[in-house]
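Participant: Using the sequences and the hints, build the whole thing.
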Amino acid sequence: MTKFWSTVLVNKIANEAKILILANISLTSFLIVLLMLTETKGLLYVGGFDRPLDQMKVTKDLHQYNNKIVECSWDVEKKGWKFMRERTDKSFPNAYSTAIAVVESIKNPVTEKILLDFLYKYCWRPQPKTSTTMGPPAPK
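Going by full-length UniProt numbering, the sequence shown opens with residue 1, and the numbers climb by one from there.
Rather than coming from a laboratory, the hints here were simulated on the basis of the structure.
Among the hints, erroneous ones may be present.
Pairs of lysine to any residue residues, derived as SDA-like cross-links and limited to a Cα-Cα distance of at most 20 angstroms, are as follows [to be verified]:
(1) Lys60 to Arg85
(2) Lys90 to Lys57
(3) Lys57 to Ile69
(4) Lys107 to Lys90
(5) Lys41 to His63
(6) Lys79 to Val103
(7) Lys57 to Leu43
(8) Lys68 to Ala95
(9) Lys90 to Gln64
(10) Lys60 to Asp75
(11) Lys68 to Leu44
(12) Lys82 to Met36
(13) Lys79 to Ser29
(14) Lys57 to Asn67
(15) Lys107 to Phe118
(16) Lys68 to Lys78
(17) Lys79 to Ile106
(18) Lys79 to Tyr45
(19) Lys82 to Glu39
(20) Lys107 to Met36
(21) Lys41 to Thr98
(22) Lys78 to Asp54
(23) Lys78 to Leu44
(24) Lys82 to Phe118
(25) Lys82 to Leu62
(26) Lys41 to Gln64
(27) Lys57 to Met36
(28) Lys57 to Thr40
(29) Lys79 to Lys113
(30) Lys57 to Lys68
(31) Lys82 to Leu115
(32) Lys82 to Ile69
Facilitator: Rendered as structure tokens:
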């Protein structure tokens, strides 16, 4: 079975420097503020955006995190956000741009083939051709 990975490609200095960040999709997460809308639905807010980014199913256990900063990840099997933990060490949720980058990396995962093609295109350089004979030794 092919493993899927998420990616964020950052182009800098006129596309000359490329950074490839890989993480298993199930471990990809971001910080949001969880606001309970009903007994079973919570709204997910990020920094710099006054509307909810998304929503998630909440259980009775999650009501204690109402209006708190929590870390969520995408559950591939259930196709929804899942609660990971409360982040008491953080004062603010992730910025909108960070959240969008995470969502985009989940929507467009990188397969092993895409990764290998990327490495071949940007990292692999052909070795210079060398003679099959060693030639005479260098003078001393």
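Participant: What are the numbers of the hints that this structure violates, sorted from low to high?
Facilitator: Failing hints, ascending: 2, 4, 16, 20, 21, 24, 29, 31.
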